[in-house]
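Residue strings, one per chain:
Protein chains: 2
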Amino acid sequence: MNNKKPLILITNDDGYKAKGLRCLVEVARNFGRVIVVAPEIGRSGMAHAITMRVPLTYELIENQDDYEFYSCSGTPADCVKIARFQILKQNPDFIFSGINHGSNASINVVYSGTMGAAMEGSISNIPSVGFSLLSHQPDADFSQAQKYIAQIIENVINNGLEPNICLNVNIPKISEHAYKGIKICHQTKGLWKESYIETADPWDRKSYWLKGDYNNLEPENTQSDEWALAHNYIAIVPVHIDLTHYNSIEILKKQGYEA
Amino acid sequence: MNNKKPLILITNDDGYKAKGLRCLVEVARNFGRVIVVAPEIGRSGMAHAITMRVPLTYELIENQDDYEFYSCSGTPADCVKIARFQILKQNPDFIFSGINHGSNASINVVYSGTMGAAMEGSISNIPSVGFSLLSHQPDADFSQAQKYIAQIIENVINNGLEPNICLNVNIPKISEHAYKGIKICHQTKGLWKESYIETADPWDRKSYWLKGDYNNLEPENTQSDEWALAHNYIAIVPVHIDLTHYNSIEILKKQGYEA
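If you read the protein sequences in the order shown, they are chains A and B.
Quick note: to get the numbering used here, add 19 to the position in the first sequence (first position is 1).
Quick note: to get the numbering used here, add 19 to the position in the second sequence (first position is 1).
The set of hints was computed from the structure by calculation and includes no laboratory data.
Computed from a prediction, not measured in an experiment: that's the story for all the values here.
You may find that some hints are simply not true.
Since the list gives no way to pick one copy over another, a pair counts as held whenever it fits inside one copy or between any two copies.
Stated by the list, open to error - Simulated pairs of lysine-lysine, DSSO-like, Cα-Cα distance not exceeding 30 Å:
hint: 1; residue 1: K166; residue 2: K24
hint: 2; residue 1: K36; residue 2: K230
hint: 3; residue 1: K208; residue 2: K272
hint: 4; residue 1: K208; residue 2: K273
hint: 5; residue 1: K108; residue 2: K212
hint: 6; residue 1: K108; residue 2: K208
hint: 7; residue 1: K199; residue 2: K38
hint: 8; residue 1: K24; residue 2: K273
hint: 9; residue 1: K108; residue 2: K38
With the hints as extra help, turn the sequences into a complete structure.
Structure follows, in structure tokens:
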């Protein structure tokens with residue numbers, strides 16, 4: 020083992036068999052020793068969830084000189100924890116999550132297991148990045164984005180990230196020559212307008228599938244990640260884990276609470 | 020049905036049988052018509068997770084004139100969505116989540132299903148509050164905090180909250196006369212130092228339980244929620260769902276990306 024090469028942990032939320040994960044591994048192996056710990060099943064929408072009611076299991080799938088590949092029964096955030104505290108027994112130098120099949124721009128970041136894993140890394144000051152391609156197809160072609168993913172990984176390895184910051188990288192699904200570049204953005208204000216599709220199980224009990232349409236509340240804002248993606252830019256949003264809304268502190272103090 | 024009374028949705032992450040939920044319902048019924056949609060099993064640590072791979076089910080448990088009580092197979096955030104889009108077919112005026120059995124102060128907010136539900140409400144501008152008591156005991160006595168919970172609920176009903184803001188309320192487990200008041204705070208910088216306890220299932224396969232010790236990185240900061248709790252204050256942190264770290268945008272632009 021060459022200790023000068025950075026140790027890179029890779030995970031995702033689509034599960035260890037996902038094509039996007041394999042593509043990210045392929046890029047990352049040019050930059051260091053790679054260990055993959057990815058969910059054994061798809062864990063989309065798991066956000067920053069951790070497993071508390073049952074113990075976790077993990078399994079070694081592949082083992083080469085500078086490359087280990089595990090599946091784990093937990094969530095993406097669980098994968099980061101079990102990699103650090105049980106499998107590696109040390110911190111990786113970097114954590115890369117994805118490539119997710121589907122967008123994690125705008126409000127999707129709060130539901131995203133891909134970004135839950137990246138945020139988990141940032142809590143412990145491990146520079147972490149979540150990557151997502153705007154296609155839900157299991158067999159999507161990720162190759163056109165690899166050049167840009169390599170550029171972002173190289174930048175993060177060379178420059179690090181600010182304390183407790185991770186990056187949310189979203190990539191439009193277009194042909195390679197159509198990319199206009201990489202744009203630093205804020206999380207677009209937006210939300211899902213949702214409803215449930217009623218269905219019945221084989222015993223005729225009703226059950227309900229969530230469906231929704233995305234509603235962009237600032238479509239003209241050129242600094243938003245959705246604008247960048249709609250205009251063929253790769254969008255990077257710096258994300259932090261201090262959820263405090265500091266401007267509200269003074270407002271609330273006027274409502275009869277303590278300073 | 021009296022339409023002048025506010026419509027209050029209550030959920031939690033400890034499940035519909037939890038004592039803390041019943042205590043919150045008792046307080047909230049003084050302020051409006053209450054509908055409860057709570058997870059059918061404990062869903063601690065579920066963060067903002069939503070269910071995407073299986074359909075949801077729900078069940079009416081209790082029905083009175085101004086009070087309905089449902090259990091749901093989903094996460095706390097699912098409970099908010101299914102209440103709005105399927106059960107009520109309208110938005111509640113307020114969402115109160117909890118009372119959680121255990122702290123959601125400091126970094127716990129990012130793992131908390133209780134706060135996932137409150138944040139879910141805030142995305143749609145429904146004034147939402149998560150309440151937590153600093154005791155993991157299933158039979159904890161919540162009565163000593165009811166006066167303060169009523170005060171916070173009354174304030175939110177009378178004043179509303181800023182757009183897309185919810186409140187994270189944590190309550191020390193002390194006797195009623197020991198409370199010093201309610202303090203507006205920021206989320207304490209801190210993290211969990213974790214490890215796994217190895218165990219074996221009945222077929223002798225290894226599995227791993229997460230355990231950890233909380234590490235406060237700013238114990239002397241009198242504006243932090245952990246300081247307030249340690250000094251017998253009820254702590255309120257205003258929480259928002261824009262995860263963008265705006266200060267990092269300028270730093271990243273210097274790394275060769277677009278403006």
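Right, here's what the structure says about each hint:
no., hint, verdict
1, K166 - K24, "within (21 Å within a copy, 58 Å between copies)"
2, K36 - K230, "both (25 Å within a copy, 29 Å between copies)"
3, K208 - K272, "both (26 Å within a copy, 21 Å between copies)"
4, K208 - K273, "both (27 Å within a copy, 25 Å between copies)"
5, K108 - K212, "between (43 Å within a copy, 12 Å between copies)"
6, K108 - K208, "between (39 Å within a copy, 24 Å between copies)"
7, K199 - K38, "within (25 Å within a copy, 55 Å between copies)"
8, K24 - K273, "between (54 Å within a copy, 26 Å between copies)"
9, K108 - K38, "within (28 Å within a copy, 39 Å between copies)"
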